[in-house]
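Chain residues, written in single-letter form:
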Amino acid sequence: MSSTDVRHVHYLLGLGDDALVYAQRLGEWLTHAPQIEEDMALGNVGLDLVGQARSLLTRAGEVEGADPLRDEDDLAMLRDEREFRNVQLVEQPRADFAHEMARLLWFSTYQRELYAALLDSTDETLAGIAAKAVKEVDYHRDHATQWVLRLGDGTPESHERMQAALVAVHPYVAELGEDHEAARWAAEQGVGVLPSSLTDAVNGYVAGVLEQATLTPPDPPRWHARGGREGVHSEVMGYLLAEMQHLHRSHPGATW
Amino acid sequence: MSSATWPLWEVFVRAKRGLSHVHAGSLHAPDREMALRNARDLYTRRQEGVSIWVVASEDITASSPDERDSFFDPAADKVYRHPTFYDVPEDVEYL
Amino acid sequence: MYGNDFGQADAPGGRATTPHPLNAAETPDYTDALAAYFDGLIEEDQRVEPRDAMPEAYRKTLIRQMAQHAHSEIIGMQPEANWITRAPSLRRKAILMAKVQDEAGHGLYLYSAAETLGVDRSELLDKLHSGQQKYSSIFNYPTLTWADAGAIGWLVDGAAIMNQVPLCRCSYGPYARAMIRVCKEESFHQRQGFEILWTLSRGTEEQKAMAQDAADRWWWPALQMFGPPDTGEQASGGHTAQSMAWGIKRFSNDDLRQKFVDMTVPQAQKLGITLPDPDLAWNEERGHWDFGPIDWDEFWRVLKGDGPCNEQRIRTRVQAHEDGAWVREAAAAYAAKQAARQQSEAVA
Numbered sequence: 001m002s003s004t005d006v007r008h009v010h011y012l013l014g015l016g017d018d019a020l021v022y023a024q025r026l027g028e029w030l031t032h033a034p035q036i037e038e039d040m041a042l043g044n045v046g047l048d049l050v051g052q053a054r055s056l057l058t059r060a061g062e063v064e065g066a067d068p069l070r071d072e073d074d075l076a077m078l079r080d081e082r083e084f085r086n087v088q089l090v091e092q093p094r095a096d097f098a099h100e101m102a103r104l105l106w107f108s109t110y111q112r113e114l115y116a117a118l119l120d121s122t123d124e125t126l127a128g129i130a131a132k133a134v135k136e137v138d139y140h141r142d143h144a145t146q147w148v149l150r151l152g153d154g155t156p157e158s159h160e161r162m163q164a165a166l167v168a169v170h171p172y173v174a175e176l177g178e179d180h181e182a183a184r185w186a187a188e189q190g191v192g193v194l195p196s197s198l199t200d201a202v203n204g205y206v207a208g209v210l211e212q213a214t215l216t217p218p219d220p221p222r223w224h225a226r227g228g229r230e231g232v233h234s235e236v237m238g239y240l241l242a243e244m245q246h247l248h249r250s251h252p253g254a255t256w
Numbered sequence: 001m002s003s004a005t006w007p008l009w010e011v012f013v014r015a016k017r018g019l020s021h022v023h024a025g026s027l028h029a030p031d032r033e034m035a036l037r038n039a040r041d042l043y044t045r046r047q048e049g050v051s052i053w054v055v056a057s058e059d060i061t062a063s064s065p066d067e068r069d070s071f072f073d074p075a076a077d078k079v080y081r082h083p084t085f086y087d088v089p090e091d092v093e094y095l
Numbered sequence: 001m002y003g004n005d006f007g008q009a010d011a012p013g014g015r016a017t018t019p020h021p022l023n024a025a026e027t028p029d030y031t032d033a034l035a036a037y038f039d040g041l042i043e044e045d046q047r048v049e050p051r052d053a054m055p056e057a058y059r060k061t062l063i064r065q066m067a068q069h070a071h072s073e074i075i076g077m078q079p080e081a082n083w084i085t086r087a088p089s090l091r092r093k094a095i096l097m098a099k100v101q102d103e104a105g106h107g108l109y110l111y112s113a114a115e116t117l118g119v120d121r122s123e124l125l126d127k128l129h130s131g132q133q134k135y136s137s138i139f140n141y142p143t144l145t146w147a148d149a150g151a152i153g154w155l156v157d158g159a160a161i162m163n164q165v166p167l168c169r170c171s172y173g174p175y176a177r178a179m180i181r182v183c184k185e186e187s188f189h190q191r192q193g194f195e196i197l198w199t200l201s202r203g204t205e206e207q208k209a210m211a212q213d214a215a216d217r218w219w220w221p222a223l224q225m226f227g228p229p230d231t232g233e234q235a236s237g238g239h240t241a242q243s244m245a246w247g248i249k250r251f252s253n254d255d256l257r258q259k260f261v262d263m264t265v266p267q268a269q270k271l272g273i274t275l276p277d278p279d280l281a282w283n284e285e286r287g288h289w290d291f292g293p294i295d296w297d298e299f300w301r302v303l304k305g306d307g308p309c310n311e312q313r314i315r316t317r318v319q320a321h322e323d324g325a326w327v328r329e330a331a332a333a334y335a336a337k338q339a340a341r342q343q344s345e346a347v348a
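Protein sequence lines, in the order shown, are assigned to chains A, B and C.
The first sequence runs 1 to 256 under the working numbering.
The second sequence runs 1 to 95 under the working numbering.
The third sequence runs 1 to 348 under the working numbering.
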């Protein structure tokens with residue numbers, strides 16, 4: 001395998017792991033949402049992300065071309081923590097609804113710009129995945145927007161919680177726009193885009209929502225997360241994977 | 001307004017182009033924008049619709065069953081509104 | 001429960017306890033005419049619609065049954081959601097999420113149908129949270145292994161479908177229409193459950209054992225889902241007869257249970273699963289499967305609160321409701337502000 005291929009694989013794994021790990025967190029919401037209608041909505045978002053993860057991991061396995069080929073479950077269930085390439089934003093534990101909407105607003109806005117850009121990917125499979133996903137994440141972004149508006153401009157309590165959530169999530173935002181080795185390669189090849197090229201559009205959209213929601217953009221954080229794309233995660237990641245992978249790993253080679 | 005009282009909305013779904021919107025059920029939502037979004041998640045999970053209307057339930061005025069005699073029975077003698085009223089030769093097509 | 005109705009006839013509350021507006025003209029003639037109208041609808045197997053005059057007992061029965069049915073869908077999300085984060089493959093994760101989401105949807109369809117009778121969903125939820133209204137007791141059992149996700153789909157949803165298909169012809173229109181929608185979606189649930197067990201039953205020894213263990217634990221509670229026998233000392237005091245006369249119920253508990261057993265035994269054979277009943281035997285004369293006695297003491301015990309998960313299920317549900325209070329308040333406040341803004345814009 002040439003080194004070029006590895007970066008292609010890493011790029012796809014980054015996209016797929018973002019979707020998978022966030023779907024895992026959203027799956028935790030079912031039965032815990034503030035209204036049953038919201039169980040439905042968060043379920044929809046989670047389902048879309050599982051679907052994206054499956055397509056992206058399958059593609060990553062194909063490009064990797066190992067013998068035998070690693071399929072979506074091999075990649076999801078049998079990799080260790082240091083091999084996951086998602087940003088740390090998506091692995092953070094589920095907190096209150098305001099935190100979830102803050103995270104979803106940033107993440108879906110990022111994914112919206114990302115998939116729109118990937119429509120032109122020279123990796124045609126990836127372009128196809130993006131074409132389906134861009135419509136899905138458009139809806140996710142709308143959902144988060146609607147809620148941030150309501151929580152920001154709702155009651156004093158909800159305003160305070162929403163503001164606190166923005167501050168809490170903020171250290172994990174910059175990583176979405178950080179260029180990493182695989183992304184630089186992917187951008188050069190036309191396979192992918194430089195994350196930093198999406199930042200202005202992402203920040204612009206979120207700023208508009210916050211303003212309308214009477215929320216104050218948080219000050220730049222003293223520390224911000226980095227390294228997820230190289231497999232460096234926060235301590236919670238190991239527990240997330242332990243839960244997600246335990247059953248699959250307990251029965252090596254079994255079919256489900 | 002207390003937390004318990006998100007209003008009720010009636011949902012109408014157009015199953016496909018060329019058909020009318022048909023009442024599908026109801027749901028709770030704080031306002032019309034969220035009602036529309038919730039309706040999408042609830043009533044069109046399996047591509048059941050191409051268009052959705054939501055109407056605040058309290059905005060619907062309905063005929064009462066106890067008015068039914070005056071409201072609907074007058075139509076009962078207007079059989080000429082129904083195609084089977086007309087006697088036409090059996091071998092005439094496309095009527 | 002889960003499409004069946006029994007238990008204490010609690011007050012449905014809401015406008016149910018206040019005079020129905022239709023009864024404003026409370027002359028005996030008028031009341032008799034309305035009763036005759038209702039009886040005529042039932043006799044002709046017509047559907048009763050929300051604003052029709054109906055006997056108060058019919059209304060109360062329907063509200064209670066639809067509410068219990070809706071509660072069962074909502075509480076029933078929990079035992080399956082328990083496995084979403086641990087589903088053994090991404091395909092299974094996606095299917096399970098879609099299924100749990102469907103249960104939420106089914107609950108909403110049913111609350112929506114109940115609300116056509118003038119109760120508010122929040123009243124019904126309060127009654128669930130305070131234990132005044134029940135949900136299907138089957139969900140008071142835990143999902144201990146992955147195979148339980150399969151057993152719930154195969155046995156619990158299978159039993160639910162038996163109950164629900166006849167409800168598609170229920171005399172109350174909104175309930176019947178909700179059930180049509182539910183039944184369409186439910187068949188995927190049963191099939192995916194069977195498929196989980198089918199895969200396990202052809203898998204490793206551990207997987208086979210897992211499937212058998214799940215069937216051992218879910219079989220009897222699934223039979224209990226149809227409710228107590230209609231006759232004999234365990235009979236529950238007879239909602240069935242009245243509900244059948246009203247066209248709410250189309251088959252007796254025992255008939256539905258028998259149909260379920262007859263349908264399920266060959267499926268179990270196909271799966272290579274031994275159902276945990278030594279008395280299970282084909283009865284040539286009856287043309288049905290005979291089965292052993294059901295432990296109704298256990299059933300009543302669990303229904304009354306002494307099941308492994310009763311408290312946990314309600315605690316989880318109440319917690320979600322309370323944690324969400326500030327969110328619901330915020331959305332309502334925002335809606336009020338927006339309405340005020342629009343009004344002042346219109347004035348200006």
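If you're looking for bench data, these hints aren't it; they were derived computationally from the structure.
Computed from a predicted structure; not experimentally measured.
Please note that the accuracy of each hint is not assured.
Simulated pairs of lysine-lysine, BS3-like, Cα-Cα distance not exceeding 27 Å [claimed, not checked]:
no. : chain 1 : residue 1 : chain 2 : residue 2
1   : C       : K304      : C       : K60
2   : C       : K184      : C       : K304
3   : A       : K135      : B       : K16
4   : B       : K16       : A       : K132
5   : C       : K184      : B       : K16
Here is how each hint holds up against the structure:
1. In summary, the hint linking K304 of chain C to K60 of chain C is supported, as the alpha carbons are separated by about 21 Å, within the 27 Å threshold.
2. Of the pairs offered as hints, the one joining K184 of chain C and K304 of chain C is violated, with about 32 Å between alpha carbons and a cut-off of 27 Å exceeded.
3. Straight-line distance between C-alpha atoms of K135 of chain A and K16 of chain B comes to about 20 Å, which keeps the hinted pair within the 27 Å bound.
4. Proximity of K16 of chain B to K132 of chain A is assessed by CA-CA distance (about 21 Å); at most 27 Å being required, the pair is judged to hold.
5. A hinted pair counts as satisfied when its Cα atoms are at most 27 Å apart, and K184 of chain C with K16 of chain B qualifies at roughly 18 Å.
Hint 2 from the earlier list is the only one contradicted by this structure; the remaining hints agree with it.
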